[in-house]
Amino acid sequence: MNDVWQSDWSLMTPEWIVLAVAVVLLLIDVAMPDERSRRPLAWGAALGAVLALGATAALIPAEPASILHGTFRLDSFAKAFKLLLLAGGALALLIVAGWNPKEGSRYGGEFAYLLLFALLGAMMTASSGDLLTLFVSVELLTVSSYILAGLRKTVAASNEAALKYVINGGIATAVMLFGMSYVFGLTGTTNLNEIARRLQETNEPYMLALAFLLLLIGVSFKLAAVPFHMWAPDVYEGAPVPATAFFAVVSKTAGFVLLLRLLVTMFAAAPAEGRDPSSLLLSMQPAIAVLAGLTMIIGSVVALRQRSLKRLLAYSSIAHAGYLLAGFAAMSWAMIDSLWIYLLAYLLMNMGAFAIVSHIVDETGSDDWDGLTGLYRHRPLLAAALGLFLLSLAGIPGTAGFIAKLHLFIGLVVTEPGHYVLAAVMAITTVISYVYYFNLIVQLFFRPLFSSAPLGRMSAGLSAAVVLCALGTLALGWAPGLAYNVLAQFDHFGDFLP
Amino acid sequence: MMEQWLESAPSWSNIALFFGLGALLLAVVLAFVTYSILAERKVMGFMQGRIGPNQVGGRFGLLQTVADVLKLLLKEDTIPKAADRPLYVLAPVIAFAPSFMVLAVVPFTDAFRFADLGVGLLYYIAVSGLTIVGVITGGWASNNKYALLGGMRAAAQMISYEIPLVMSALGVVLLAGSMNLVDIVNAQQDVWFLFAQPLAFLIFLIAAVAELNRTPFDLPEAESELVAGFHVEYSGFRWAFFMLAEYVYMFAMAALITVLFLGGWHPVAFLGWIPGAVWFALKFCAVVFVFIWFRATFPRVRADQLMEFAWKVLLPLSLANIVLTAVVKAWFF
Amino acid sequence: MSGTDIAFFLLALAAIAGAVMMLQLTNVVHMVLSLVMTFLAIAGLYVLLSAEFVAVVQVLIYSGAITIIMLFAIMLTRHHADDKERQTTGGVGHKAAAAFAVLAFGLAVYAGIRTLDFGADGSALPADNAKAIGQWLYSYYTIPFEIVSVLLLVALIGAIVLAKKDGKGAEDE
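Just so you know, the protein sequences line up as chains A, B and C, in that order. Final position of the first sequence in my numbering is 498; the numbers increase by one with none missing. Final position of the second sequence in my numbering is 831; the numbers increase by one with none missing. Final position of the third sequence in my numbering is 1004; the numbers increase by one with none missing.
Rather than coming from a laboratory, the hints here were simulated on the basis of the structure. Keep in mind that a hint or two might mislead.
What the hints assert, rightly or not - List of simulated lysine-lysine pairs, DSS-like, C-alpha gap at most 30 Å:
| hint | chain 1 | residue 1 | chain 2 | residue 2 |
| --- | --- | --- | --- | --- |
| 1 | A | K164 | C | K962 |
| 2 | B | K643 | C | K996 |
| 3 | B | K810 | A | K153 |
| 4 | B | K827 | C | K962 |
| 5 | A | K164 | A | K153 |
| 6 | A | K164 | A | K102 |
| 7 | C | K926 | A | K164 |
| 8 | C | K996 | A | K153 |
| 9 | C | K995 | B | K810 |
| 10 | A | K164 | C | K995 |
| 11 | C | K995 | A | K153 |
| 12 | C | K926 | A | K102 |
| 13 | B | K827 | B | K810 |
| 14 | B | K569 | B | K579 |
| 15 | B | K643 | B | K569 |
| 16 | B | K810 | C | K926 |
| 17 | B | K540 | B | K579 |
| 18 | C | K995 | A | K102 |
| 19 | C | K995 | B | K643 |
| 20 | B | K579 | B | K643 |
| 21 | B | K573 | B | K643 |
| 22 | A | K153 | A | K102 |
Chain A extracted, bound-state conformation:
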């Protein structure tokens, strides 16, 4: 009992802020008269996320520490990824604030605080040093996401999205839990560092490999990596656009956080049979590489045939997950740094793109790419911003996407032995992805106007999100030193492994 009171709970300040804001918003929403607009709640939630971002930044100098036997851990990894998650969450909340769907926006309140709860789950995932915390945090994130996906109750596609998400998410959870149960059985503890220590003493390479694969498959579901990606396009298409943005960015970041926390911490030094007897993780590299390669290829190739903007972005996000997995498979010494940079760039360009797609969907009522045709004629700035995001997604020099992809690429080539096949696949799929990104750009700039009715003005929330993302994309593209400076504070995540 004394443990609980003597812990340094101030380490959890960002989490407390997010939780408090969510609960206060929930109470306000209940007390508010029905007919009042819920938009201010979304602004309040965004403000809360920004506050938590500030609190996290203020915690950066703090020494790595943990509360209650590592069930909460604040190391440099947690801090770095919480920055990303909170930034993504804040931008998603800006999109919520600016969201104006055709069927009326009655959902503002729920949207704001459910998103905050999901964000809380993602943050706790980044900060957990215990299997149990990890698991319930991921569940908090996913359960909130199921609800977010189904919030447009009158739209059949949204219902379908929620149902598919629940079923697939449930399977993923079951598989992951099954894997965890073997790890727990072999070690008898839930503390990740303790597990890593005890696994070095076990001599069950076969069972460990099985557990590793089960965990990998479970996480791959969450990451929408091929061949476990089938749910993603339908969910992304059916869910409300701000929720889609959240899934594509924050949930995916949380998925990689989960991947690193779970697999790297536990298995980096576990015994194995096969290629590298000293590390199960390294001996499993081929499996991860195959997953990464498939994800890149299928994501890029299928995206070629999409006409729906949301589906296209969904497949593009699958392809990006493939690039990230390739970076993970490389296991270079700067793996976490390069993943962080990539996720930062991915966050900026994707959130920007989704903000604009949200506006187009709200205005035209469909997410067909015809809605983009000739956008440049009457909304040049908007078209330019979207063009920038698309260029960045394609990885053209001068944008954030290029810098990020460069890091992953270097990571693949410089490790010993080099992963040349993966590097080649990455290069080829990048070229394939040019086709659909440039197709969109052609639509934007070089086609005559499709509809006579020009798009309406963008709401303040969406504009803010677009401007922030565009500035960030450019800044990271031209002055990547900014990101390096942030990253330097974490000292290559030396305290990540026990």
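Fit chains B and C to the supplied structure of chain A, relying on the hints for placement.
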């Protein structure tokens, strides 16, 4: 205890012992059911200025229920053509079996008890919840709209009232520091929990009456609106099973209330020379009498009032009781 | 062979039989009831592992609460039990592939657990395991426990948000 039994080598004498003990308890319970039905009719007769059964078995009608049961067993067993046959047959069994299973954890006296489970209270509540599955299955399998409605009502009512029931019992658990029913009785050596937890007792009593589907909460079987609720299509011994389950639950619930709030087998003040079993029986009979008294005097509540009462009155009250108990326990003990 | 072995065998058989019946039966209500059988058998297995608290909670939550909610949902909604309207996706090829995958996975796991030794058995569990669980939950595992409470809050909000009627229709009713 449980472990010893489970790990003892399975021998025929072992099995015979278990079976014999079970049969003994069943005989006790059946005797109780027989005479509680008679008592119910007699007490209600008395309250309504009637005489009640007075023909079969002497002046007090002592064999009236036995005759009724014989009649039931001889009745034709009908199964409706459109009924879902396997479930229709299975439902009375699902409803009855748990009612007998819960008796395993109830300590009647210091010595006369079956299983000494660490989670006895929870076991009682968990297993008694299974009966709902039997009731709702029976209602559905009858393929009759009154039966279905009755089954649904019963299920809704029983799960709704199970929550305040558990929540109010938590106050007792907090004070006793255990979910073991023997420990709970022993914690009442000096003060019965009736006096330490008056609010919890009230809530528990009300919720218990609702759990038993007795007046004033007998909506699932309301003759005047639903014909007879979930067992309208049942006849003969299958119907008897449902009735039996209901009365066994009354037995179990009265025993549980005695254990939780009335100090079990502990004597009152200086009367320690009277054996514990008699005390238990006396307290137990008092609770049963209260149940019958309720039935004779209360009108039935309306369906909408029923749910609101559980969720909006009993649940908040029982939650408040938990907080209050926790505060008292933390500061004064 | 001790009583534990016989009990384990019977319970495991009941659990598997319930699961298979759940998949094979065509009537939804029958399926739910076979699920109850599986849940109860699993609760029995927990008792064999001397985890009485988990066993009782399993009965309370799964066989009691969840099943009844499922029965309610089934009885309150329209469902087609007719053979004519039953349809299945996937032909023989799909089924064969699925069977192969399940078999292969089963064999892979069996190969691993055949010689697996999890070390000491669970007989060292505290006799009063509800108390022990409580003490762990409120000291060591406070943080996950609190996250679970947030999770339940989210589930509650979600259920209300998704099930609530809104718009003008709600006020008319």
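Hints and how they fare:
In summary, the hint linking K164/A to K962/C is not supported, as the alpha carbons are separated by about 40 Å, beyond the 30 Å threshold. At roughly 27 Å between alpha-carbon atoms, K643/B and K996/C fall within 30 Å of each other, so this suggested pair holds. Restraint check for K810/B and K153/A: satisfied, since their Cα atoms lie roughly 28 Å apart, inside the 30 Å limit. Annotation: proposed proximity of K827/B to K962/C holds, straight-line Cα distance about 17 Å (limit 30 Å).
Straight-line distance between C-alpha atoms of K164/A and K153/A comes to about 15 Å, which keeps the hinted pair within the 30 Å bound. Straight-line distance between C-alpha atoms of K164/A and K102/A comes to about 24 Å, which keeps the hinted pair within the 30 Å bound. Straight-line distance between C-alpha atoms of K926/C and K164/A comes to about 21 Å, which keeps the hinted pair within the 30 Å bound. Taken as a hint, the K996/C and K153/A pair is honoured in the structure, with Cα atoms around 9 Å apart against an allowance of 30 Å.
Using a Cα cut-off of 30 Å, the hinted pair K995/C and K810/B holds, with the two alpha carbons roughly 19 Å apart. Pair hint K164/A plus K995/C holds up; C-alpha atoms about 21 Å apart against a cutoff of 30 Å. Distance check on the hinted pair: K995/C and K153/A sit about 10 Å apart at the alpha-carbon level, within 30 Å; holds. For a cut-off of 30 Å, the pair hint linking K926/C to K102/A is broken: about 43 Å separates their Cα positions.
The straight-line distance between the Cα atoms of K827/B and K810/B is roughly 26 Å, inside the 30 Å bound, and the hint therefore holds. Of the pairs offered as hints, the one joining K569/B and K579/B holds, with about 24 Å between alpha carbons and a cut-off of 30 Å not exceeded. Note on K643/B and K569/B: the hinted pairing holds, with a Cα-Cα distance of about 28 Å set against a maximum of 30 Å. Under the criterion of a C-alpha separation no larger than 30 Å, the hint pairing K810/B with K926/C is inconsistent with the structure, at around 51 Å.
A distance of roughly 39 Å separates the Cα atoms of K540/B and K579/B; the hinted pair therefore is violated under the 30 Å criterion. For the hint pairing K995/C with K102/A, the CA-to-CA distance comes to about 20 Å; that is within 30 Å, so the pair holds. Taking the CA atoms of K995/C and K643/B, the gap is near 27 Å; set against the 30 Å cutoff, the hint holds. Between K579/B and K643/B the CA atoms are separated by roughly 15 Å; this keeps the pair inside 30 Å, and the hint holds.
Restraint check for K573/B and K643/B: satisfied, since their Cα atoms lie roughly 24 Å apart, inside the 30 Å limit. Taken as a hint, the K153/A and K102/A pair is honoured in the structure, with Cα atoms around 13 Å apart against an allowance of 30 Å.
Hints 1, 12, 16, 17, counting from the list given before, are not met by this structure.
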